[in-house]
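*Asks:* Sequence:
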Amino acid sequence: MSMNPPRFSHTPYADPRARPFAIGMVPLTPLGLFEVDAGYGDYLAEKQRLLAEKRDAVFRVEDGTENAQREVLDLVLDGLVTNHGDLVSVDGDTVIAAATGDSFRVSDFAAAPLELASRLVQEDLCLMRKGDEGWRLAAACVCFPTSWSLAEKFSRPMADIHQPVPGFAGRMNAIIERIFDNLLVDQPVERFNWSFYSDDELHHPEPHAEKFEDLDDEALARTLIIRVERQTLTRLAGSGDILFTIRIHRDRLGELTNHGQAAELAAGLKMQLMAMNEDQLAYKGFIRSRDRIAAFLDTLGD
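Per my numbering, the very first residue in the sequence shown carries number 106; after that it's consecutive.
Worth flagging that the hints you see were computed from the coordinates, not collected in a lab.
Virtual Cβ for every residue (Gly too), placed ideally from N, Cα, C.
Heads up, a few of these hints could be off.
Claimed, not checked - With a straight-line cut-off of 25 Å between C-alpha atoms, the simulated SDA-like cross-links for lysine to any residue are:
hint : residue 1 : residue 2
1    : K235      : S208
2    : K375      : D319
3    : K235      : T170
4    : K159      : S114
5    : K316      : T251
6    : K375      : G343
Said to hold, decoys possible - Across the chosen pairs, the derived CB separations fall in these ranges:
hint : residue 1 : residue 2 : range
7    : D319      : D384      : 17 to 25 Å
8    : D304      : G343      : 52 to 60 Å
9    : K316      : R154      : 25 to 33 Å
10   : D286      : S212      : 49 to 57 Å
11   : E311      : Q153      : 31 to 39 Å
12   : G275      : A399      : 47 to 55 Å
13   : D142      : F209      : 48 to 56 Å
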């Protein structure tokens, strides 16, 4: 399945109520937890490659999380078999992924069910567990990070994980901890992030280091990728842990010209870009290029 996935399926920057770096959690139906599109097979193939070549960089689990990992696997299998039976099927101990032609024995992943779960969905999967220092990252398969390293964040509490994020320490951290504490089973939530990158690679652990200020309009249209993260939180009924999923969407900025709402989307991007303070721009890597990108967005809205 190598067709191009749908473009601009999520445009959080177009919401006039949205503000940069806002928490922005909204309810999600359980059926909408995992997204499947025409890029499904390509995402899964890239995960297989990364797990084979860079396993320690993309997969980490704490001892004692096996039962919670199995909950995640059961959730994934139930969702895929129910809603996408043409892509994934289960026959006894065997899981068959038709999109990639792979088959897996569940028993082979008894020590790491989260790995098998991740091999079947386009989302990255993280298991959050409550401890003395708050919620921490206790298990994860993160093949498609957006400028962060699993090795640096693994087993760390949220305050440490989000330390580089402007404005997270203090009140925002307390709000997020409270959201996690109060999240109910069968009442998942979602939120979105977005950024600009200069390529559409899925695996992006390196820090933001973009240089767009010297590009002309044609180069900007060809180069800039809007990278959108759809994030969800789901409380697991058995363990009480929280499944945190991250799904990457990529849209080439120049393709906005063919969109029926090009002016609205370009205006939303510019509004959010111009609303960022200096710390936020530095975190995103936009300090030198913000005004250049904003000027280009004006041309897309004409």
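*Asks:* Now tell me, hint by hint, if it's right for this structure.
*Replies:* Hint check results:
no.: 1; hint: K235 with S208; verdict: violated, 34 Å
no.: 2; hint: K375 with D319; verdict: holds, 18 Å
no.: 3; hint: K235 with T170; verdict: holds, 12 Å
no.: 4; hint: K159 with S114; verdict: violated, 30 Å
no.: 5; hint: K316 with T251; verdict: holds, 17 Å
no.: 6; hint: K375 with G343; verdict: violated, 44 Å
no.: 7; hint: D319 with D384: 17 to 25 Å; verdict: holds, 24 Å
no.: 8; hint: D304 with G343: 52 to 60 Å; verdict: violated, 40 Å
no.: 9; hint: K316 with R154: 25 to 33 Å; verdict: holds, 28 Å
no.: 10; hint: D286 with S212: 49 to 57 Å; verdict: violated, 35 Å
no.: 11; hint: E311 with Q153: 31 to 39 Å; verdict: violated, 22 Å
no.: 12; hint: G275 with A399: 47 to 55 Å; verdict: violated, 30 Å
no.: 13; hint: D142 with F209: 48 to 56 Å; verdict: violated, 22 Å
Checked against the numbered hints given earlier, this structure breaks hints 1, 4, 6, 8, 10, 11, 12 and 13; the rest are met.
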